[in-house]
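Protein chains in written order, with the numbering used here: chain A, 1 to 135; chain B, 1001 to 1135; chain C, 2001 to 2135; chain D, 3001 to 3135.
Any given hint might turn out to be false.
[Said to hold, decoys possible] In the DSBU-like style, the derived pairs of lysine-lysine whose C-alpha atoms are separated by at most 30 Å in a straight line are:
| hint | chain 1 | residue 1 | chain 2 | residue 2 |
| --- | --- | --- | --- | --- |
| 1 | B | K1115 | A | K115 |
| 2 | A | K129 | A | K115 |
| 3 | D | K3115 | D | K3129 |
| 4 | D | K3115 | C | K2115 |
| 5 | B | K1129 | B | K1083 |
| 6 | D | K3083 | D | K3115 |
The hints are simulated quantities; they were obtained by calculation from the structure and are not laboratory data.
These are the residues of each chain, in order.
There are 4 protein chains.
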Amino acid sequence: MPRERSYTLTVRYAETDAQGVVHHANYLIWFEEGRSEFLRQMGMNYSDIERAGFFVVVAHAEINYRAPAFYEDRVTVTTSIEKAHRRLLEFAYRAVNQDGVLLAEGRTVHVVIGKDRRPTSLPEEWLEKLGGLNR
Amino acid sequence: MPRERSYTLTVRYAETDAQGVVHHANYLIWFEEGRSEFLRQMGMNYSDIERAGFFVVVAHAEINYRAPAFYEDRVTVTTSIEKAHRRLLEFAYRAVNQDGVLLAEGRTVHVVIGKDRRPTSLPEEWLEKLGGLNR
Amino acid sequence: MPRERSYTLTVRYAETDAQGVVHHANYLIWFEEGRSEFLRQMGMNYSDIERAGFFVVVAHAEINYRAPAFYEDRVTVTTSIEKAHRRLLEFAYRAVNQDGVLLAEGRTVHVVIGKDRRPTSLPEEWLEKLGGLNR
Amino acid sequence: MPRERSYTLTVRYAETDAQGVVHHANYLIWFEEGRSEFLRQMGMNYSDIERAGFFVVVAHAEINYRAPAFYEDRVTVTTSIEKAHRRLLEFAYRAVNQDGVLLAEGRTVHVVIGKDRRPTSLPEEWLEKLGGLNR
Chain A
1 MPRERSYTLT VRYAETDAQG VVHHANYLIW FEEGRSEFLR QMGMNYSDIE RAGFFVVVAH
61 AEINYRAPAF YEDRVTVTTS IEKAHRRLLE FAYRAVNQDG VLLAEGRTVH VVIGKDRRPT
121 SLPEEWLEKL GGLNR
Chain B
1001 MPRERSYTLT VRYAETDAQG VVHHANYLIW FEEGRSEFLR QMGMNYSDIE RAGFFVVVAH
1061 AEINYRAPAF YEDRVTVTTS IEKAHRRLLE FAYRAVNQDG VLLAEGRTVH VVIGKDRRPT
1121 SLPEEWLEKL GGLNR
Chain C
2001 MPRERSYTLT VRYAETDAQG VVHHANYLIW FEEGRSEFLR QMGMNYSDIE RAGFFVVVAH
2061 AEINYRAPAF YEDRVTVTTS IEKAHRRLLE FAYRAVNQDG VLLAEGRTVH VVIGKDRRPT
2121 SLPEEWLEKL GGLNR
Chain D
3001 MPRERSYTLT VRYAETDAQG VVHHANYLIW FEEGRSEFLR QMGMNYSDIE RAGFFVVVAH
3061 AEINYRAPAF YEDRVTVTTS IEKAHRRLLE FAYRAVNQDG VLLAEGRTVH VVIGKDRRPT
3121 SLPEEWLEKL GGLNR
């Protein structure tokens, strides 16, 4: 750790607001896709995790907004895993535009729950893929 | 028929886009809440319909946009039921702002499916509440 | 005509709803990005159009929903221009998943307005790029 | 201080995700409307602030998620102003459902910028309405 992975998106018109810039709530959606992409690149699919009866839910999120993003910007979101414990995952994110300008940084903490919505533990094979048992 | 019901919303900042007006996709969301409110006012909850194992899915939607809506506008959405058959429902909508200006008109067609996502029929008691067996 | 262009997206978790499928309003957003991508591939940027003082606003939209889309699906949106008149543009769309299943088809009609939000005409150079003066 | 104001919303179907609960990004949108409503109840409209050439932009946001919200829940968002300085505003939020269950708590920090997107100061009359010059 930290392991990190990136993906790039093009800003959608629907993501802008009347200030002419990307609405701040969209960064949480971009970060979430950062996690999805991170898992896919690590050989896991979040779809599979849910099909196996586990939900990874957001317990905490925080974002520092540094510069605005605009329609048609090419934004690269880099996601790293900071903690991978049995019942708790933590990810960090950076979003940078096509000119290398830092747009936002954030962090999310997640807990693992079962179909009954009670806390549970992620299976060890997934934790190992996330690097969580190496330490 | 037509039976109609109204509700009023305040335009959210997040619903605007860089043109300074409400993004056109939000009208589908407002119309959906028009259906929810229509059902509630008819003594049904869409939550109950889903808990009973029925999903009412959108098969067709169309909207004519007449005038822009702005942040903090008070928009009244009026929903009427146009068809209530066992396997098909049709609703119509009008959205009007605080000055009585028509913003948009639309229509959606819905089919009823079960948990297996195959077409099925709504129970008669619900169709009766919707006025569908009176004719 | 018809000229058509495609782009592919990965379904975001935030685009799903409690039915477990993509919420129907998102197709309007995907189609809008289909238009953006169409223009970019034709050598125009909608950002440039707005900077020049023209807004292309949606006057009519319609969608037929054929099959559900799921989180992590790879969806290809194909956009074609159906009409390119001075004051009116019409586009058609098809969204297909990674297995070739047709998810939705739609059509939007647009009018051109100026900064004063009154109808105006697109400059001829843009209409030519869109193929609108060839006929 | 703290001055606080509340408003109540009904959860929209479009706000849910495939976990069957409200997607976590929506809380930022609900909190934003909490700010809007706070300002309206204090005799200010954020529309007026923007028309006067000031934008209040989000510099930091954080949320702790405590319990899930569901479609048709009645959620009360209570907003309080924590800091009202010339160039910086801070708000805190609590979202509670119809049964009094705490769903989420959050905090946002804002800076004031002008039309040129550079930092500026809010006019004193608005700061006074916000209670910021009383201390």
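Under the constraints set out in the numbered hints, which ones does this structure not fulfil? The structure conflicts with no hint, since it agrees with every one listed earlier.
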